[in-house]
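When you get a sec, could you build the whole thing from the sequences and use the hints?
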Amino acid sequence: DWLSRTDQVVDTILSSPEVVSQQQLLLDRYVLVYLYYAWSGPIWTNQYNFLSPSMDVCDWNDGMNQGQGIRCNTDGFVGEWIVQNNSLLGLFDPIMFHLDLTVILLDGNSIVGSISSYIGNLDRLEEISFHSTLIGGTIPTEVGNLSALKGLFLHVTQIQGTIPTELGRCTELERVELNQNNLEGTIPSELGELTKLLYLYMGQNNVQGTVPTELSQLTQL
Numbered sequence: 040d041w042l043s044r045t046d047q048v049v050d051t052i053l054s055s056p057e058v059v060s061q062q063q064l065l066l067d068r069y070v071l072v073y074l075y076y077a078w079s080g081p082i083w084t085n086q087y088n089f090l091s092p093s094m095d096v097c098d099w100n101d102g103m104n105q106g107q108g109i110r111c112n113t114d115g116f117v118g119e120w121i122v123q124n125n126s127l128l129g130l131f132d133p134i135m136f137h138l139d140l141t142v143i144l145l146d147g148n149s150i151v152g153s154i155s156s157y158i159g160n161l162d163r164l165e166e167i168s169f170h171s172t173l174i175g176g177t178i179p180t181e182v183g184n185l186s187a188l189k190g191l192f193l194h195v196t197q198i199q200g201t202i203p204t205e206l207g208r209c210t211e212l213e214r215v216e217l218n219q220n221n222l223e224g225t226i227p228s229e230l231g232e233l234t235k236l237l238y239l240y241m242g243q244n245n246v247q248g249t250v251p252t253e254l255s256q257l258t259q260l
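Start counting at 1 in the sequence shown, then tack on 39, and there's your number in the working numbering.
Keep in mind the hints are simulated off the structure, nothing from the lab. Yeah, the Cβ is synthetic: ideal placement off N, Cα and C, and Gly gets one too. Hints may be right or wrong, so weigh each one.
Unchecked claim - Just the calculated beta-carbon pair ranges, DEER-fashion: (1) P133 with T210: 21 to 29 Å; (2) M94 with D132: 22 to 30 Å; (3) Q123 with Q247: 29 to 37 Å.
Stated by the list, open to error - For lysine to aspartate or glutamate, the following EDC-like pairs were computed, each having C-alpha atoms within a straight-line distance of at most 16 Å: (4) K235 with E181; (5) K189 with E216; (6) K189 with E232; (7) K189 with E205; (8) K189 with E211; (9) K189 with E165; (10) K189 with D95; (11) K235 with E165; (12) K235 with E223; (13) K189 with E223; (14) K189 with E213; (15) K235 with E211.
So this is what it looks like as structure tokens:
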């Protein structure tokens, strides 16, 4: 209803001669509006210009460089969702993964549910953080498709199950924080492939067994 009754930018988008660009811009706007309401937007601590009818979604932020809100890539499409400690409340929805995101920072919000396998479609994702949320379930094996991933922050959540061996395919990873969860099983030897890793936190879980010898190859750790 907001898009059809209130939004003042949709008509401008629809008048664009570039069909592909038009479709992506409409999708971006739709997904952001959907998630705003799905995550109790009207009660957010800060609104960050969300649902400003005359503003491009690239301006739905706090106006500060690298600050809170939405950031767009050089093509003008949504590239970063950074809304931390802002009273977001609701079920995590995989519709977010229809955005071509490089950064997802949702930490410190009351987001529940699990991480969908669709996360594997975000081949440009560099950083994702759900720490200090109510996200649960398991880490999907599809994280192994995130070839650009540099930071994975899932500490202090309800995550359970085992650490997927596929994580070892994310060879750009520099920082992994999985501490204070309900993880079990053993540490995958495949993590020894993460030669760029600088930090690896897995304490306060139910992980058992010995540290794989392969991790001795991580000279920057």
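Evaluated hints:
no.: 1; hint: P133 with T210: 21 to 29 Å; result: holds (25 Å)
no.: 2; hint: M94 with D132: 22 to 30 Å; result: holds (23 Å)
no.: 3; hint: Q123 with Q247: 29 to 37 Å; result: holds (33 Å)
no.: 4; hint: K235 with E181; result: violated (20 Å)
no.: 5; hint: K189 with E216; result: holds (12 Å)
no.: 6; hint: K189 with E232; result: holds (14 Å)
no.: 7; hint: K189 with E205; result: holds (15 Å)
no.: 8; hint: K189 with E211; result: holds (5 Å)
no.: 9; hint: K189 with E165; result: holds (5 Å)
no.: 10; hint: K189 with D95; result: violated (29 Å)
no.: 11; hint: K235 with E165; result: holds (14 Å)
no.: 12; hint: K235 with E223; result: violated (25 Å)
no.: 13; hint: K189 with E223; result: violated (23 Å)
no.: 14; hint: K189 with E213; result: holds (5 Å)
no.: 15; hint: K235 with E211; result: holds (6 Å)
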